[in-house]
Amino acid sequence: MQQGASFSRLFWKGMFSVFTISVFILLDSSFPSGRQSRFAGNLFACAASATAPVLTPISIDYPEDGSIFPPGITPPTFLWRDAAGTSWSIDISFADKSEPIHATSKGERMQIGPIDPDCVADSNSPPKLNAQQAATWTWKPDAATWAAIQSHSAGKSATVTITGYREGQVAWSQSHITLTTSKDDVGAPIFYRDVPLMPASGSGGAVAPLAQSDIHLIHWRIRDIRKPESHTVLKDMPTCANCHSFSADGKTFGMDIDGPANDKGLYAVVPVQKHMVIQSKDMVHWNTDGKVGAVRVGFMSQVSPNGQYVLSTFAGPALSRMIDSYYVTNFMDYRFLQVFFPTRGILEYYNRSASLREPLPGADDSKYVQTDGVWSPDGKYIVFARAEARDPRPPGHPGATHANDPNEAQIQYDLYRIPFNGGKGGTPEPIKGASQNGMSNNFPKISPDGKWIVFVQCKNGQLMRPDSQLYIVSVRGGAARRLQANTRLMNSWHSWSPNARWLVFSSKARSPYTQMYLTHIDENGNSSPAILIDNATAANRAVNLPEFVNINPDGIDQIEVHVADGADVASGAQVEKQH
1 MQQGASFSRL
11 FWKGMFSVFT
21 ISVFILLDSS
31 FPSGRQSRFA
41 GNLFACAASA
51 TAPVLTPISI
61 DYPEDGSIFP
71 PGITPPTFLW
81 RDAAGTSWSI
91 DISFADKSEP
101 IHATSKGERM
111 QIGPIDPDCV
121 ADSNSPPKLN
131 AQQAATWTWK
141 PDAATWAAIQ
151 SHSAGKSATV
161 TITGYREGQV
171 AWSQSHITLT
181 TSKDDVGAPI
191 FYRDVPLMPA
201 SGSGGAVAPL
211 AQSDIHLIHW
221 RIRDIRKPES
231 HTVLKDMPTC
241 ANCHSFSADG
251 KTFGMDIDGP
261 ANDKGLYAVV
271 PVQKHMVIQS
281 KDMVHWNTDG
291 KVGAVRVGFM
301 SQVSPNGQYV
311 LSTFAGPALS
321 RMIDSYYVTN
331 FMDYRFLQVF
341 FPTRGILEYY
351 NRSASLREPL
361 PGADDSKYVQ
371 TDGVWSPDGK
381 YIVFARAEAR
391 DPRPPGHPGA
401 THANDPNEAQ
411 IQYDLYRIPF
421 NGGKGGTPEP
431 IKGASQNGMS
441 NNFPKISPDG
451 KWIVFVQCKN
461 GQLMRPDSQL
471 YIVSVRGGAA
481 RRLQANTRLM
491 NSWHSWSPNA
501 RWLVFSSKAR
511 SPYTQMYLTH
521 IDENGNSSPA
531 ILIDNATAAN
541 RAVNLPEFVN
551 INPDGIDQIE
561 VHVADGADVA
571 SGAQVEKQH
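Per the numbering used here: the sequence shown ends with 579, consecutive numbering throughout.
Be a bit skeptical, because a hint or two may be false.
Per label pair, the in silico range of CB-to-CB distance [to be verified]:
no. : residue 1 : residue 2 : range
1   : Q410      : P430      : 15 to 23 Å
2   : K128      : R393      : 33 to 41 Å
3   : N499      : A206      : 39 to 47 Å
Just so you know, the hints here were simulated from the structure itself, not pulled from any lab data. Treat the numbers as computed from the prediction; the structure is a model and nothing was measured. The beta-carbon is built from N, C-alpha and C at its ideal position, and this holds for glycine as well.
Given only the sequences and the hints, what does the whole structure look like? Please build it.
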């Protein structure tokens, strides 16, 4: 086949030479000079078109066309698929007319990164390339080349053309994409939770997302996107801890910590410092006060912008067991090993100055479940998810066996907005575009400039579902738009940068071991294709809960937790959030 193609090319090359000689003879004898010129131009154009090889398209998978990179981010790895070429040139031209950059690649296949041997288990599988990834070629610019690309593409497009060659310098394939370097810095590090995916079957067949003996493997890291690696700030926890949040000013840190009998009853609130120590004196004991709600059932408790309040979801005074207010099922499938969401609950706020927890009027109706509460940047109102309350496990109802099983408790949340009003609350109002649309709208995050809400939309439940997609809507409500950054599988756990120009989120697009991505959001709420944050953790560990922190990149170096004193320690990990 290859010899036939070579013969064909040589044949047409010879025919073009004969054709050219004939043209000159014809021009010399038959046409006036002006007509000769025009006729020659037309003939040569036709001849060139007829003999130019048709290049096979290359599939450039990453970056996607139109990608926007933050300034200073480490060099990305370009990914493409091309069955025609055996070597490639990468040519970058710039809209600012600066000198193009030329590089060559003999082609290296896509690789799996290093794995953590402590997270290899019978209940998971090592990360592996799918068929498309196995057919992928890669090129990663060195630091100097990438710096030059970023410099000349700041605010203006750069065109990256990849050309495939074989038989020496014969071009066989080609495609191009454009990319831009934003003038908007990310401006803050990202704090996130780094977890193993190791479901464990316990006594009686009960499945836990992580065995108690492996809780110490959960790490918390911080990442400056300008650095090639993340820094571990917390590990070897004596008890299970889950969701965290920071105040908008970056001065206060809050973290959910398991309480007695794994009742999710403790919450740590401490000042942000380079070296932080969490002790028993820093704990809020949610479930010891049964005055307004005996059990905390929500997750992602939120510290207010000024650090004065903490907002969370509780079962309400009529219920005393988490199981009556929370649907949670753990699976042995490590890829999507858990589904969880509250089906009953009211919003309550904790006043740190008064050491008092009270329900928020207007978001405390027992007919509904009210959850996922987040503060506006000025602290004047709260956006939350609401649905009709229901029994999480009706008698006789079969259990779910996998994520998005129709036998899951069915619930679809709508987003509402309510004034905080100094704790007096008000009337909740549905947010148009994020309510009554036949989907579950949940996990809202308000941009720091107060203009936008980015939320998760899925068929059922909330957050880390296989079909989770990110949508954006005005805080005033309106038409919600699907973010261009969405990947093919699970998009959630998102957080805004302090300057409201970048969003970080988690996805399983490349691997069941969740990874972390960035997208740029412009002043009109338009997003750009997803940018992978490389090397966030080992290839067989998962990234969740990424959150921008309004501090210097080296603002947190270490967090120590000293709360392993008897009753403060959990006895299990049955509702540990692992994805």
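Problem set entry | 39 to 47 Å as the expected CB spacing between A206 and N499, which holds or is violated | Holds, at about 45 Å.
Exercise. Taking 15 to 23 Å as the hint, is the beta-carbon distance of Q410 and P430 inside that range?
Worked result: holds (20 Å)
For this session: Indicate whether the distance between the beta carbons of K128 and R393 respects the range 33 to 41 Å.
Result: Since K128 and R393 have Cβ atoms about 36 Å apart, the given range 33 to 41 Å holds.
In this structure, every one of the numbered hints holds.
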